[in-house]
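Student: Sequence:
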Amino acid sequence: MTTYAHESTRRVGSLILDVDDGIGTITVDRPEVRNALDSRVLQQLADAVEELRWDDAVRVIVFTGAGEKAFVAGADINELARRTPEDGLRATMQRFYTAVEAVEKPTIAAVNGYAFGGGLELALACDIRIASTAARFALPETGLGIIPAAGGTQRLARLIGAGRATEMILTGRRLDADEALQAGLVTAVVEPDGLLEEARRTAAQIMARGPLAVQLATTIIRHGLNADAATGMLLERLAQSVLYSTGERAEGTGAFLEKRTPDYSAHQVVQPSRPTDSGSPAASDRAPEGGQE
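FYI, the numbering used here numbers position 270 of the sequence shown as 275, with every residue one higher than the one before it.
Do not take every clue at face value.
Claimed, not checked - Derived DEER-like restraints, expressed as beta-carbon distance ranges:
#1 E109 <-> R242: 13 to 23 Å
#2 Q220 <-> A193: 31 to 41 Å
#3 V38 <-> G166: 27 to 37 Å
#4 T236 <-> N83: 22 to 32 Å
#5 R87 <-> T147: 17 to 27 Å
#6 E196 <-> R15: 23 to 33 Å
#7 G93 <-> D26: 36 to 46 Å
#8 T236 <-> R214: 22 to 32 Å
#9 G18 <-> T89: 18 to 28 Å
If you're looking for bench data, these hints aren't it; they were derived computationally from the structure. Since the structure is predicted, the reported quantities are computational estimates derived from the model, not experimental observations. Note that beta-carbon positions come from the ideal geometry of N, C-alpha and C, so glycine has one too.
Please put together the full structure from these sequences, using the hints given.
Tutor: Next up, the structure:
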């Protein structure tokens, strides 16, 4: 396995940001409020994602929550009570989760507890969701007189079907981990003490494969969900044509024929230089308190 540079762990506001052997892990560390997201923490998340997005030492990004009770229990209700119609149109949380979905690197949600409201919507924006047996999933917003407007109405329906998604949204029904697995909301359920290990194992499996192939496959899957089948097939052909021209394809097929493990270390995807004015996904839309959704 390729060894990636610059291992580090540091606190960034209410987050813990860890980079270790190609995996960037973002932990929301507010267990006293069940890792709820206020506008300040949302901006910290946006900045952290943008940092890992441009970090060539990071191949996979993992999201999780601190403590035993919550992944992210949703938005801060005190801020929610102060939001205006303009805040609804600003939709900062929705824009941030769309930016998470668009990151060129695979993302994994390691759901360790409650994933309610904005917490479930964050998990839905990720490519892969792994749950501990303690995980619970819900979109309870209609009980507060609002809707899950950070992508919940769209991504949940696409993932588990309109019927199940509608029931969850209209009734506030909670799914436990096994129900989420049966519905296709998560891909695996493990004991709490093995959750991060399982997320890292999945990340390692991803990183052992062709890096450009992984990036293009992820991108096509995401865009194909919002396109007709013919457009999706066209994207497949274009991506395959690109991959046929790369040393990555030569290494992968050569290793298979020679019955050895492929070594993609010479074929890592290098991100272009970070634009000096890009900022974080939410930087161009920094909201006042209470304006994240």
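Student: Next step is simple, just say for each hint if it's right about the structure.
Tutor: Structure-based check of all given hints:
no. : hint                      : verdict
1   : E109 <-> R242: 13 to 23 Å : 20 Å, holds
2   : Q220 <-> A193: 31 to 41 Å : 23 Å, violated
3   : V38 <-> G166: 27 to 37 Å  : 32 Å, holds
4   : T236 <-> N83: 22 to 32 Å  : 44 Å, violated
5   : R87 <-> T147: 17 to 27 Å  : 20 Å, holds
6   : E196 <-> R15: 23 to 33 Å  : 28 Å, holds
7   : G93 <-> D26: 36 to 46 Å   : 41 Å, holds
8   : T236 <-> R214: 22 to 32 Å : 25 Å, holds
9   : G18 <-> T89: 18 to 28 Å   : 25 Å, holds
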